[in-house]
Structures are given as C-alpha cells and as structure tokens.
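Protein sequences appear in the order of chains Y and G.
Going by numbering that gives the first Met the number 0, the first sequence opens with residue 0, and the numbers climb by one from there.
Going by numbering that gives the first Met the number 0, the second sequence opens with residue 0, and the numbers climb by one from there.
Calculated directly from the structure, the hints in this document are not laboratory data.
Owing to the predicted nature of the structure, the values given are computational and were not obtained by experimental measurement.
One thing to keep in mind: the hints can contain errors.
If you only want the chain G side, here are some residues facing chain Y, beta carbon under 8 angstroms, derived [to be verified]:
#1 K210
#2 S228
#3 S264
#4 G292
#5 L294
#6 G306
#7 G313
#8 K315
#9 G337
#10 P394
#11 L397
Covered stretches of chain G (in silico footprint by chain Y; criterion: 3 or more residues with CB under 8 angstroms from a CB of chain Y, positions within the stretch not fixed) [what the hints assert, rightly or not]:
#12 187 to 195
#13 283 to 290
Partial list, derived from the structure: chain G residues whose beta carbon lies under 8 angstroms from chain Y [unchecked claim]:
#14 G302
#15 E305
#16 D314
#17 C361
#18 G365
#19 R390
#20 H392
#21 R396
#22 G398
Just so you know, even glycine gets a beta-carbon here, dropped at the ideal spot from N, CA and C.
2 protein chains.
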Amino acid sequence: MSEPLEPARGRRAFFQQTLALATAFGATAACSRRTAGEKVGAEALPATEPPKQTVAAASGPRVGFAVVGLGKFATEQILPAFAACTRAKLVGLVSGTPDKAKRIAEQYGVEAKNVYDYKSFDRIRDNAAIDVVYVILPNSLHAEYSERGARAGKHVLCEKPMAITAKECEGMIRASKTAGKKLMIGYRAQFEPNNLRAIELVKRGEIGKVKTIIADHGRILRPEEPSDSWRAKRALAGGGSLMDIGIYSLQAARYITGEEPLEVSARTFSTPGDPRFAEIEETVAFSLAFPSGVLANCTSSYGHAEGKRYRVFGDKGYLDLDPATAYEGNVLRASKGGKPAELIEVPHGNQFAAEMDHLAECIQSGKEPKTPGEEGLRDVRIMEAIYAAAREHRPVRLGGDTQHG
Amino acid sequence: MSEPLEPARGRRAFFQQTLALATAFGATAACSRRTAGEKVGAEALPATEPPKQTVAAASGPRVGFAVVGLGKFATEQILPAFAACTRAKLVGLVSGTPDKAKRIAEQYGVEAKNVYDYKSFDRIRDNAAIDVVYVILPNSLHAEYSERGARAGKHVLCEKPMAITAKECEGMIRASKTAGKKLMIGYRAQFEPNNLRAIELVKRGEIGKVKTIIADHGRILRPEEPSDSWRAKRALAGGGSLMDIGIYSLQAARYITGEEPLEVSARTFSTPGDPRFAEIEETVAFSLAFPSGVLANCTSSYGHAEGKRYRVFGDKGYLDLDPATAYEGNVLRASKGGKPAELIEVPHGNQFAAEMDHLAECIQSGKEPKTPGEEGLRDVRIMEAIYAAAREHRPVRLGGDTQHG
C-alpha cells in the first residue's frame, strides 16, 4: 500500500519540505517543546519569530499522533507539517514496510517502540503516548483501520473520502462513539486560510446572495507511480476521480453555501480502452441543487491537466479561488460591482498543521471537531447519489438534514 | 422595441465608442472609401496605419447594410463598428422611432431615403443600395423580419439567438433559400481573435486531447433599463438567460470541440417572487455530452454578477478565456505541462467588423457564411432540448448530424 520511496531522494525531499515549512512558520513552538529525543530536520533552524498560525496558546502536554500509512501524501505533506503544529506532535508510525518505517522514525525522532506494522497495529491500545491514529491509507482501508483505532481506545483522524460506502462510514461513527473517542475527517480545505476567508466573505455578504458555484478539480492519473497505482483499482479506491478529487468540488459547494444539496444530476465519462479507467471513472460532471436555490456545477477528472479551482457567483460580485485546494499557493480574488477581480491577500497558514492542531484542541477541551465523521458520511452519501444519478441517467433526490456545520 | 436613447447621452456614448474603435484600427480604409455624404465621428481622426484586421483587400463596391432595430447593442456596438469594416458599409436604418432614426442617420451619413420604419420595411426591396438587412430586434421578431428581408430580396444577418423556436429557424432558412440569398447568424465570438486563436490552439493539439469544457455566462438583468425590458418578457425574448447569454457557453463548447452534443442534462432556477423572473428563467446549469467523450459543464444566469468565461481542459494543458466573450478586452491564457497559465497575446481585432465583412465577402465571392442559418438552428434545437431536460427532469438525447463547421 505504502509508497516505496527511494531513500536518498525521499530524504532530500523531506528536508526541502521541512525547511520550507519551518521557514514559513518560524518553527519555534514546535522546536521549543521538543524533547531531546525528538530529532527533526527543522531543529537546526534559528527560532526567529512565533508561529503565525497559533490562535490560542497550547496548554498542557501535546496530543500524540501516530500516522498510519507512509505513502507520498503522508511523507511529503503530513509528517513535515508537525513542525508547524502547536498542539499535535508526531509520536508513532504504522507501516507495512519496516525499512521505510525505521528510516522515517529516525528522521522524525519517533521512538522504535512506537513503530507498528499492520499486524501489530491493535497493540497500539497499550501505548499511552499515542492519543490519535491518523489513517492515511487507500480508501477501502479507511473503515477497517479507523474502527480498529477506535477499538484500541484512540481518537481517529481519517483522510478523505471517509470510506467507500455510507454503510462503512456509519460503522466508523458507531465504533468511535462506542469507544467514547473523537472521529474527524481530514478535510484540509476547511482549515486552509484562503478557503476560510472565502467562507467568511460569503457569510458577510460581500458578494451578495450566492447564486451559482462552479468547482473543477482535475489531474492526470499516473498508475505507474506508486502513489497512484491503488487509485486505479476499484477494490482499493472505491471509485475514480469523484472520490479522490471531485470531493473537493463537492466540499466547496457545501462549505460555501453552508447547505446540503436536495438533488444531484451527474454524467461520467471514461476513455474507452484506456487501461487506467478500466475499473474507475475518469471524469464526472455533476450538478447540485441547494435549498436556497444555489446551483453548483462541478467536475472532476483524472484525464486532464491540473485544475483545483472554484468560483462563487453572487448577485453583487464573485469570489474566485484558483488554485483553491493546492497544498501551497492558493489564490483568492474578489470582484465587486462588475469591476475586475482583485487579489485578496490572506496570511499564509499550514492547513495540515491547522487540521491536526484542531483535533488536538478538541481532544484537550472536549469539543466536537468541525469536520466529524458525520461530515464525511454526508459527502459519501452524496457521492453515492452522484454515481447513482450517472448510472441511472436521472436526477437523484437526497434525504436527510438540510443544514450543516 | 427599440431603446429610447436620451439624445445627448447617446451621442456622447457614440462618439466615445467610435473614437475608441477608430483609434484601435487606424480608421483608414473606412474613411478613405467614404463619400462626401457619409459623416462619421471618426472622420476627423488622422489615418495613421492600415486597419489591422484586413485579411484580403476588398475589391469592388462595398456591400450595403441596413441595420434593423436601433437599441443599445446596435447603437453602441454595431453602428460604430462599420468604421472598421473594409467590405461592409452602413447605408440604411430601420427603426420605429422616427426622431432617433433621423438623428442616427445624420450621425452616420445615412441618406434619408434609406431610412425605414417597420411599416415601410418591405419597400426595402426597391432600394438597390441595400444588400443586407441586419436584424437586431427582440428575439421573437427575428423570424418575421428575417423572412420579410429575404422576401424583399435581401441577404440577412440576424442576431443570436436565431429565433425562439426551431420551427421559426427552419422557416427563415427556407425563406432565404427561396430568395436565393445568404442567411447568416451574428455569432460574433466566432469572429473574435482570442476565440479564433483558442480554436486554432485546440486544433493544433497544444493542450492535447480535449476532455472537459467549463463555460459560464452571467449578468444581472435590469428590466428597468430599456435594453433589458423586453428580455424579461417571454413573448419577446422566448426564454431567459439561456437564450441570451447561455448561448455563448453552448457555442463555445461546440466551436471548441467542432462537434455536436449527443445528449443534454439541465436544471433551472428562478428566485421565487422576483418579478424579473416571473416569465423567464434566471439560471440554467446544463451539461453536454459530445461524441468524442468531451463533457461540457455550462451555466448561464441573469441573477449574478458579470461572468463571460470558459476553460478548455486537455490532457496536456488548458486554455482559459476570462473574459471570453466581452465586446472588448478578452484575455486568453494557456497552461501546459502543469505550469501556471501564461498570457497569450492576440492582436486586437473588431469582432463586429470582422463578422459583417465576412458576410460581405461571402456575398461578393458566392461563399457560404461560416455561421449560416443552419448553425443558428442547431443551437436553438439544443436549447429546446436543454429546456426540455430541465422541465422533464431527465437527460435528453439529440438527433441529427454529429459534426459541424
């Protein structure tokens, strides 16, 4: 499952990532609280200024995270982001590749006793240093490892999509509730500063009444690369571009409106004969009708060039985010009164660190996460309806609640 | 029908427009061929350089156009554009408002004997100076005045949408064929340099295989303004945002792919209680499935702020036009190989003048226009299918040919 990183290259990439992140955030809070045993690439950097994204000062001991799955996203985005955290800290690793686990444990100063494989995973219950398991595995394994994490008495942070069926999501919610532990879904865009500003601007009425949302996400699927190989397999991915990146279009429509769609229409296309799309769909065009009358027209594709954008049209102007959901470098522009769109400068913040610190804070203070399992379940239900609409060639109505978050 | 322009303001607007256009194009060919009787606002400008958009030198006498309907679009865009023409010239006017017709005739040096009203319109058959009638009336009058023009032995240029039903379009095509005269639809974007470059780049494979097209057109409908009052009335407009501006999204999807859609899905929304949308639809979200597998996700809205854009995602990059279909100032950008989009500088050209000169050239050389009545009919048929899909809540398949242009 996990990506076999070539060590030298992986190490270089890691140091570059860490350096960039550490520089951006001053890398002070993380460094100052680190114990002698914790080695990270950033520790040699001078502490120049306090971290920019600290809202409330962290109190008490940090919340210990074990990262489950050491693929590209985990190693290139999540592990380095701990350097920018003020409440969360990396204490454990779970991987099926012992060499990689050992190397990464050394890089990040993770104690050998906190490194698990998928067989020994359940013994994590006996490890008091680990408060949270962060599940970063292929989609079809999210339910199993989240539930096993909950049964081991741990809080769970699980990557999107929450699981490959709504039924699985319901099981995950039950497991965490039974264990009396938190369950949060890794919706990083809901912790990303440009997206948060967009939500705020819409709520403040800066573009008037929202009318139409256009959201498009695309990238070329390359199954020859380890990080994409499982994405072409239905048994592991559960679906194609919709579940992987279309979910960002869907999320944007939901968090911008603050509403749940009443009905979905959809159409899929996969290039005939392209082996990448033998099991999963290439492109999905879907539209969502919201209770307020907002229409969202969305796409996702594994077949075309990079696209991560959305635009919110209101009756007094529009907001444009392009890119909207990149790991770094998102750009927010606003147009009002028919004038050309102008850049809105938003202070930089590490969305991954913010996400992990949020869960840590919820655990420390007993709050419910802003993106709980129920939020993940809603998306999976809507995606099931989108697939049904495309398959059955008809609009599909959605039941359930009409407001969220 | 025609917009009652306040004279002083109209005149000022006209001179500003003419000045801008004449400056952009050198205003030489038009001026040099003008007779003593033809006064235009641009004639005092120095002839500095040849007009940039002349492709083949015009030969023989110019083709005489009579503009039918003197609303805002005619007076602010079309009449000034004759100054940039090399083959077409303005010789006649048709208006229901005698004062306005007289004033504009004086401004443009149109002889009094070439000014008609809607009662005397048919007598245009006896006027040899008029070769073409350019119908710029509310949509529901396009069929009547185009057919009367053809029966009067004139070539017809008709604004989009061609008519409000496919049946009307068929009648227009028959009338022009019977008369042995040309019928062309005013699809200005197919004569606009940025759009032409986009079509060329796609054909050359610059962005690889086209996968997805996103096209959005919006503007706030203001029925309190004379140029919009008829647009809120179904009997005059035939429909709402789709027929007026959604047609640009539809056109873009068709001229970029060079294909005809096989199937459409659609959803409409009109704000309940908003009197502007008592008779016509506010917003339409529609998707088109093309034979090659391209999916186009399009919107049009009368309820939100200015939007005139499309993006073409290919498997090697994307083209972005934003704005794509403005009267002036369209911007084309291209992204290749995952790099940020870069501006593609396209030499400026007056799309209205190019459109009118194209018809003039077709008349002079006996060619068929690139946007004939059949092209207008295709769009009207597709728009009828879009309305049916929204009304009947199901995808609608389209028959007919699968390639165009």
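- Given G:S228 as an interface hint, is the shortest Cβ-Cβ distance to chain Y below 8 angstroms? This hint is violated: G:S228 lies away from chain Y, its Cβ roughly 19 angstroms from the closest one there, beyond 8 angstroms.
- Interface hint compliance - G:L294 to chain Y, C-beta minimum distance less than 8 angstroms: Hint on G:L294: holds, closest Cβ of chain Y at ~5 angstroms, below 8 angstroms.
- Identify whether the interface hint at G:G398 stands, where standing means a beta carbon of chain Y within less than 8 angstroms of its own. Given a least distance of 17 angstroms, the restraint on G:G398 is violated.
- Three or more residues of the region 187 to 195 of chain G near chain Y by CB distance under 8 angstroms? violated (count 0)
- Task: Double-check G:K315 for me: the hint is only fine if its C-beta lies closer than 8 angstroms to a C-beta in chain Y.
- Result: holds (6 angstroms)
- Query: Are G:G292 and chain Y close enough, Cβ to Cβ, to be under 8 angstroms, as the hint says?
  - Reply: holds (5 angstroms)
- Message: Using C-beta distances, would you say chain Y covers the region 283 to 290 of chain G, given that this needs three or more residues below 8 angstroms?
- Response: holds (count 3)
- Message: For the restraint on G:G365, tell me whether the closest CB of chain Y is nearer than 8 angstroms.
- Response: violated (42 angstroms)
- G:K210 as chain Y interface residue, shortest Cβ-Cβ below 8 angstroms: For G:K210, the interface hint holds, since the closest Cβ of chain Y sits about 4 angstroms away, which is under 8 angstroms.
- Per-residue hint verdict: G:P394, partner chain Y, C-beta under 8 angstroms: holds (6 angstroms)
- Holds or violated: G:G337 as interface residue toward chain Y, Cβ cutoff 8 angstroms? With a closest approach of 5 angstroms, the G:G337 hint holds.
- Task: May I ask you to test the interface hint for G:G313 with respect to chain Y, counting a Cβ-Cβ separation under 8 angstroms as satisfied?
- Result: It holds, given that the least Cβ distance between G:G313 and chain Y is near 6 angstroms, below 8 angstroms.
When held up to the earlier numbered hints, the structure conflicts with 2, 11, 12, 17, 18, 19, 21 and 22 and fits the remainder.
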